[in-house]
Every structure is written in structure tokens, then in C-alpha cells.
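In case you want the letters, here they are:
There are 6 protein chains.
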Amino acid sequence: MSTTTSPHPAPAERASERPAAERREPVYLFSEKNVSEKSEIARRFLDSRERLNANVDKANNFLVKRFYNIDHHAYLEGTLPAKTKELMGLVASACLRCDDCIFYHAIQAYRLGVTRAEQEESLNVALIVAGSILIPHLRRAYELLQEMYG
Amino acid sequence: MSTTTSPHPAPAERASERPAAERREPVYLFSEKNVSEKSEIARRFLDSRERLNANVDKANNFLVKRFYNIDHHAYLEGTLPAKTKELMGLVASACLRCDDCIFYHAIQAYRLGVTRAEQEESLNVALIVAGSILIPHLRRAYELLQEMYG
Amino acid sequence: MSTTTSPHPAPAERASERPAAERREPVYLFSEKNVSEKSEIARRFLDSRERLNANVDKANNFLVKRFYNIDHHAYLEGTLPAKTKELMGLVASACLRCDDCIFYHAIQAYRLGVTRAEQEESLNVALIVAGSILIPHLRRAYELLQEMYG
Amino acid sequence: MSTTTSPHPAPAERASERPAAERREPVYLFSEKNVSEKSEIARRFLDSRERLNANVDKANNFLVKRFYNIDHHAYLEGTLPAKTKELMGLVASACLRCDDCIFYHAIQAYRLGVTRAEQEESLNVALIVAGSILIPHLRRAYELLQEMYG
Amino acid sequence: MSTTTSPHPAPAERASERPAAERREPVYLFSEKNVSEKSEIARRFLDSRERLNANVDKANNFLVKRFYNIDHHAYLEGTLPAKTKELMGLVASACLRCDDCIFYHAIQAYRLGVTRAEQEESLNVALIVAGSILIPHLRRAYELLQEMYG
Amino acid sequence: MSTTTSPHPAPAERASERPAAERREPVYLFSEKNVSEKSEIARRFLDSRERLNANVDKANNFLVKRFYNIDHHAYLEGTLPAKTKELMGLVASACLRCDDCIFYHAIQAYRLGVTRAEQEESLNVALIVAGSILIPHLRRAYELLQEMYG
Numbered sequence: 001m002s003t004t005t006s007p008h009p010a011p012a013e014r015a016s017e018r019p020a021a022e023r024r025e026p027v028y029l030f031s032e033k034n035v036s037e038k039s040e041i042a043r044r045f046l047d048s049r050e051r052l053n054a055n056v057d058k059a060n061n062f063l064v065k066r067f068y069n070i071d072h073h074a075y076l077e078g079t080l081p082a083k084t085k086e087l088m089g090l091v092a093s094a095c096l097r098c099d100d101c102i103f104y105h106a107i108q109a110y111r112l113g114v115t116r117a118e119q120e121e122s123l124n125v126a127l128i129v130a131g132s133i134l135i136p137h138l139r140r141a142y143e144l145l146q147e148m149y150g
Numbered sequence: 001m002s003t004t005t006s007p008h009p010a011p012a013e014r015a016s017e018r019p020a021a022e023r024r025e026p027v028y029l030f031s032e033k034n035v036s037e038k039s040e041i042a043r044r045f046l047d048s049r050e051r052l053n054a055n056v057d058k059a060n061n062f063l064v065k066r067f068y069n070i071d072h073h074a075y076l077e078g079t080l081p082a083k084t085k086e087l088m089g090l091v092a093s094a095c096l097r098c099d100d101c102i103f104y105h106a107i108q109a110y111r112l113g114v115t116r117a118e119q120e121e122s123l124n125v126a127l128i129v130a131g132s133i134l135i136p137h138l139r140r141a142y143e144l145l146q147e148m149y150g
Numbered sequence: 001m002s003t004t005t006s007p008h009p010a011p012a013e014r015a016s017e018r019p020a021a022e023r024r025e026p027v028y029l030f031s032e033k034n035v036s037e038k039s040e041i042a043r044r045f046l047d048s049r050e051r052l053n054a055n056v057d058k059a060n061n062f063l064v065k066r067f068y069n070i071d072h073h074a075y076l077e078g079t080l081p082a083k084t085k086e087l088m089g090l091v092a093s094a095c096l097r098c099d100d101c102i103f104y105h106a107i108q109a110y111r112l113g114v115t116r117a118e119q120e121e122s123l124n125v126a127l128i129v130a131g132s133i134l135i136p137h138l139r140r141a142y143e144l145l146q147e148m149y150g
Numbered sequence: 001m002s003t004t005t006s007p008h009p010a011p012a013e014r015a016s017e018r019p020a021a022e023r024r025e026p027v028y029l030f031s032e033k034n035v036s037e038k039s040e041i042a043r044r045f046l047d048s049r050e051r052l053n054a055n056v057d058k059a060n061n062f063l064v065k066r067f068y069n070i071d072h073h074a075y076l077e078g079t080l081p082a083k084t085k086e087l088m089g090l091v092a093s094a095c096l097r098c099d100d101c102i103f104y105h106a107i108q109a110y111r112l113g114v115t116r117a118e119q120e121e122s123l124n125v126a127l128i129v130a131g132s133i134l135i136p137h138l139r140r141a142y143e144l145l146q147e148m149y150g
Numbered sequence: 001m002s003t004t005t006s007p008h009p010a011p012a013e014r015a016s017e018r019p020a021a022e023r024r025e026p027v028y029l030f031s032e033k034n035v036s037e038k039s040e041i042a043r044r045f046l047d048s049r050e051r052l053n054a055n056v057d058k059a060n061n062f063l064v065k066r067f068y069n070i071d072h073h074a075y076l077e078g079t080l081p082a083k084t085k086e087l088m089g090l091v092a093s094a095c096l097r098c099d100d101c102i103f104y105h106a107i108q109a110y111r112l113g114v115t116r117a118e119q120e121e122s123l124n125v126a127l128i129v130a131g132s133i134l135i136p137h138l139r140r141a142y143e144l145l146q147e148m149y150g
Numbered sequence: 001m002s003t004t005t006s007p008h009p010a011p012a013e014r015a016s017e018r019p020a021a022e023r024r025e026p027v028y029l030f031s032e033k034n035v036s037e038k039s040e041i042a043r044r045f046l047d048s049r050e051r052l053n054a055n056v057d058k059a060n061n062f063l064v065k066r067f068y069n070i071d072h073h074a075y076l077e078g079t080l081p082a083k084t085k086e087l088m089g090l091v092a093s094a095c096l097r098c099d100d101c102i103f104y105h106a107i108q109a110y111r112l113g114v115t116r117a118e119q120e121e122s123l124n125v126a127l128i129v130a131g132s133i134l135i136p137h138l139r140r141a142y143e144l145l146q147e148m149y150g
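Protein chains in written order, with this note's numbering: chain A, 1 to 150; chain B, 1 to 150; chain C, 1 to 150; chain D, 1 to 150; chain E, 1 to 150; chain F, 1 to 150.
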């Protein structure tokens, strides 16, 4: 394919993505520990996630590590604020109906200072797009929101 | 269930969603016609959508009409800007892999003044969440972006 | 809602859907309490659902409430009997693989007098359409059927 | 197949499914040819399906043939009428968003004498369960319904 | 359709699938009991699966039995080794995000002598294809792998 | 990429994945051009893919490029042969029902010397796991197989 032989486009053509140097870690208003103190659901999720991730880390799988790395990059401050991208992660997780993923992004959004109303409005987009099959996940998400913001 | 017998909560309790009066139609910088003039892909999609929707309208199905109505509400200016919610619709559509839906939200976002970089960064969230199965849809989305922003 | 106060299309145009007045609540042979007494799985599901729905209700989210409202309408007696539509809800839930949704529609169908053989035949359509990935859900559905009908 | 030569379980044990002898082919009011004459969309779909199936047939794959066989059985007259099961196939196909499958079951339902209102009400269940991501498929389904029933 | 009236193709044309006689049960290096002794996760899964399957068996549903039968055939030694097909079952289960199905195929693969590295590389294909939404399932899969191979 | 300059974990820790140096490009028996000459379906797909990828390439999106990079790595010769992983990619693509992805992996597998019988047996795993909703994709896949191997 010609794509591998052609020289890389000049920086001026990079219309769509800031170079790595311009992406940066978001500033969290709350730590995971803060969230765990407010919400028992968050605490159980974060503890289980940490324990299971330690096991994945130990396996030291090359491709998994690369994947985790670009996954991390996708939610950094960039052209769009980290807040917005965490809420997009929430919408995506709700549409694909993964409770753990919904919890993760709802917690991240909370840590970045997203309001409950913003979380609910994001979940509404998911509910309309993906339908009533979401409702059991919505109920569990609202329980977490209640604990975090209540 | 108790929910049907209890009185409705007072407005003060409405923490999560603006009352209908506070939601409003977004202001579009470009009309559908503008987009059709810039992009042949957009034009074909919008024409086909209009033709087929006319047929659905004619059927006058009560529940379909109600559904279209709340679908419309989900993307109004609200707690979150319409721009953000159109991009969330784009992420959701990409994760659930519907070309027509991707085209629709990418066009709406364009009409609201969203930049190409913002569209790409939104698609990146979807790509990470939903994986390489998205790539054929990504390619078609980039073709549309190229025509609209090129 | 504005849709109910605006002038309705003339009856002659309503080829596809009975007007709201012709849709009506189904008659249940059994209450949720009856089902809970027969099945421990049903009891746990219904209790958890009630508790979590109370929380969603308290949030009083405008769009969620609208969505719940048309969701309710979709299963009323209409052109098709409520029984048939609850079984369609069961098929849809099984195809999209949501245990809570499967339990909900299997319980609703039971309450309307649907036989176990009808429930199994509906699940068979889902099994063929959506494949062996359904089998864990099928096993859990059969456990519920066994408790309700056994 | 070994399952047909081995001793069958006694009828008393068959709580949930009629023995094969009690299932029977449905009676179609219309042939595929009739539908093709009414609808250009149906004609193109049925022609393409026949051509491609001939190719699959020629491959004579053992497991594919077995699968087609039980797929055929799932929609026979049984405990539930064939009509109902074709509409369930329609709901399942819409929820899993496969245009060809939607067309197939909508045509089969039409051939069995299902009304347009019944088809629309079935699609409504799918729309509520699976959300707005269905809308492009709904539009195409309504175009087919219009041609078949119009 | 002409396919039902035309004579079956001659055996010489059966390019794609060995006749039933050439497919055979795989040889397992380990029994389910062996796996249960090594892994508590496997034990709980296998016990629950056995208990629930007994219930499905008792129902004696004709179509479910047929489906289980061809499901069994799909993983026999054939043109491809049973090992490879169990790993394909693992990839499919991971892509469709069913923990029970992932556990089942990971255990089957283990019983056939598949190494941990082969299981991880298979899961990597699924991770790339289906994205980060898989990560919670990946974590749980790695916990099982750790117990079985650790 | 920063990941290649940072100190790598010691080989002893790499339980699950060969270090990058041990992964290598597979040897193709046939070029894309060879396949395009045998199959019109392959030719159209490959041409369209090349044209659209050139457009994605031009956008030079940082994260898309990273993603394409690890996507490429996932199918290299590794612990499992590239052949097997292309067939796993085929199974994954069929389960997630993406025609372009099915075509891509079927063509890659063909180029690596996979037989038609092996391709069909892989598709059978997908058919059982993901059900009849796959059938339209199966038909189109068989058409491609017929052209490539016929």
C-alpha cells in the first residue's frame, strides 16, 4: 500500500490532533479515595478493579500494555476537555452496556468536577440512542450518582 | 409500585434536568443545504433520509412520533451544550456502528460549528472503547469529514 | 405534553396505530406479589427493581420520565395482544442479552397467563437468531420458569 | 442425524415443546413471487438471497445445513402461531439491526396475512427496546411496508 | 426456492466440511474435576453450569436439544484442531462479552493443553477487535488464567 | 513512541507474550493483487479500502495511528501462527457482523495459505456462537470464498 512508502505529512497538515506534547493529564478535584469514602458502590468497584488490574499487570502482556497506554491517552486534556471525554466514555459504556465501564467513567467524571445534572444528561443521550435495554444499567448508575452526589 | 401513588416532587427537587422551558433549540451556523453543497456524501444521505422520513411520517404511527419527539429533546441546548451532545451522539453511533447515525451526528455537529479536530477526538474515544471493528465506519466518517471541512 | 394538546391527524390517516384511547392496560391474572411468592428469583429481582426505580424516580429527570412513559405504552393491549408484546419484549431482551430485562418480561408474560411452553418457544426464536452466546441467559431464564411454573 | 434415530423421550416428559410431528409448515396466503410483484425492494432482496443461498447450498457444509434446518423449525406452526413467531423474528432482527433479516421476516409475516398495523406495532417494541440507533432500519422497513401494503 | 427441489450435491463436491464420520471428540488432558481443583473460579462456574443445565435438560425442549447438539459439533476435532476452535470460541465470547462463555472456552482450551500464552494471544485479538469495553471481562479472564496456570 | 524508549520489563516477567523482537511479519503466499485478480468482490473491497485509508492517513491523527499500529501487531506471527489469528479475526468480525472486516480477514487468511475448508469451519464457530443473524453475512462471505477458491 502506498501509505507505507509515502513520507509522513508535514506538521502543518496535522489538522486533527494535537501532538503528544500538547496533551496533558487532567487535574482531578477528588482522589479515588475521596470517592470511595462517599460511595460504597464506588469503593467496592475501585477495590475490585485495583485487585484485578494488579493481576493483569503481573502478566505483563505486551499488547495489553500498549492498549492500556492508548486507552489512557484517549481521555487526556486535548482538543476537547477531559471532562467531556469522560462523559463520552460514559455514553459509550452505557450504549455498550457495561456496568463496570459506566461506573469507571461516572467516577472519573465526578473526580473532574462534572455535576450530577451533566452526568444525567449524558446518560439521557445513551438512553435514547440505545433504548430501554439500558434501563437496568441506568438504575445502577443512578444508585452510584446518588451515593456520590447525595 | 409506590412511584405511581406518590405526589410529584416539587420543582426545587429537580436537581438533574432543566424543566422543558429551559431547554431550547440550538442555533445552527449552517443549514442542511449548506452541508449538501459542500459534501456529496452528506447530500446523498440527507436526501435519502428526507425521502424515507416522509414515508414514516405518512404512516403517522403514534409511538414512533412520540419516540422522535423525545429523540429531538435529547439534543437540545440544556445543562450540556447541544454541540457536546451531538458529539456524544456521534460517539454512541460509532460504538453501535451505524453509518447513517454517524453521518447524521457528524453533520449536526458541523452545522453547530464543531471543528474537525473535535470530531476526530470524539471518534477516537469511540475507537478505543469499541475497537477495530469500527475502522470501516471510521474510514467512511473521515471521508465525510474531508468533504465537509476540506 | 404538547403532543396531546396539538390537533391530532384525522383518523383516516392513522393506518398503522390505534389512537391512544383504544390502547388500554392489560388485565393481569397474577400480581407481582403472587409471582414473588412462587419464585425466589422473581422476588429478589422485583425487590431490587423497586428499590432502584424509587431512586430513579426521586431524581425526577424529565427525559427519563418521558422514556418510561412511552416504554409503558409499547406493551399495552393494542393491535397485538399485550401477551404477545411481552413475549416480543422477552425475545428482544434475550437477543440483547440482559438478564434483568429477560426476567422482567418473563414475569410480565406469566402474570398475563402466558404458558411455559409459549415462553420457551419465544426463547427458542431468540436462541436461533442470536446463537449460543445466549445459553447462559437461557439457563437462568429456565431457572426462573421452573420456579414460576414448577 | 443420530438424534432422530435414537429413542425419543416419552411424551409425558415433553413439558415445553410439541413433538416434531405436531409442528407443521405454515400456510402462506401469498407466494414470494406475489410479494416480488408488489414490491421492488422485496424483489431485489429475494432475488439476491436466492442467488447467494444457491452458492451456500453448493458448498454443502454439514454444520451450516444443520443450522438452516433448526432455523427453519423455529418458525413453524407450534405452541405459538407461525405469524407470531415471524413477528418475533422481525423484532429480534430489528434489535440486532440487520436489514436483510428485517426484510426477510417482514416479507414472511406479510405472506402469512399479518397486517401492516401488526408489523408496525412489533417494530415499536423493537424501537423502544433498542433505541434510536434503529431509526435508519425503521425507515427502510417502512419503505418495504409501504410497497407491500400500499 | 429451487434449493429444496434440487438433488443434493454429490459427496465429491463436499469441499468444505468433513463428513460426520471424520469429526471426532477431542482428547482432554484434564477433566473438569482437575480444573475445579486448581481454580475456585472454575469450580464455581462449572458447578453452577451443571446445576442450571440439569434444569434445562429436564425441560426437554426439542429445539434447545437440537441447538446444543450442533453447538457440540462445532468444537469437535475437524479440519481445524479442537484446540484452535476452543480458542476461537474464546475470541467470539470475549467479543460478545459473555463472562460465562469466556470461562467455558478458557477452561475447555486449558483441558486440551492450550498454554496460557496462547490464551492471552487469543484474548489480544478480541481486545483489538472489540475495544476497551472488553477490559472488565479481560480482568476476570486473567484471574481465571492465573488460577488455572499459576 | 515513548513506550519503546522506556526501560522494558525483564524477560523473566514476560510470562504471556513474546517480546516484540520475536514477533515477525507473516509470509504471504499471495499478494493483494493476486487476490484482486481472482475475485471481483475482493478487488472492489481492497480498492475502496486503499482509497479510504489514504484519506485517514492524510489526517495524520495521533491516536488513530497508534491504534492501527497495535492492530497490526495483533496479527503477526507470535505464540500462535498468523494464520490462526487471521481466522480468529474472521470469527470476531463475523460475530460482530462487519462485512468489510469479514472480507479483510478472509482475504488475509487466503493470502497466508488457509484452505477454504478452514475458513468455513471458522465461520461455523461464529454461526453457532452468534446465530442466524449472521446468515446474510455468511452468504456474502461464501460468495467471496467461491470467487477466491473457486
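It is possible that some hints are incorrect.
Calculated pairs, EDC-like style, for lysine to aspartate or glutamate (alpha carbon to alpha carbon, straight line, at most 20 Å) [stated by the list, open to error]: (1) F/LYS58 to F/GLU40; (2) A/LYS58 to E/GLU22; (3) E/LYS83 to E/GLU40; (4) E/LYS83 to F/ASP71; (5) B/LYS38 to B/GLU147; (6) B/LYS83 to A/GLU50; (7) E/LYS83 to F/GLU77; (8) C/LYS38 to B/GLU147; (9) C/LYS65 to B/GLU147; (10) F/LYS83 to E/ASP47; (11) E/LYS65 to D/ASP99; (12) E/LYS58 to E/GLU37; (13) E/LYS65 to D/ASP71.
Keep in mind that the hints were calculated from the coordinates and are not lab data.
| query | Of the hints given before, which are not true for this structure? | reply | 1, 2, 3, 4, 6, 8, 9, 10, 11 and 12
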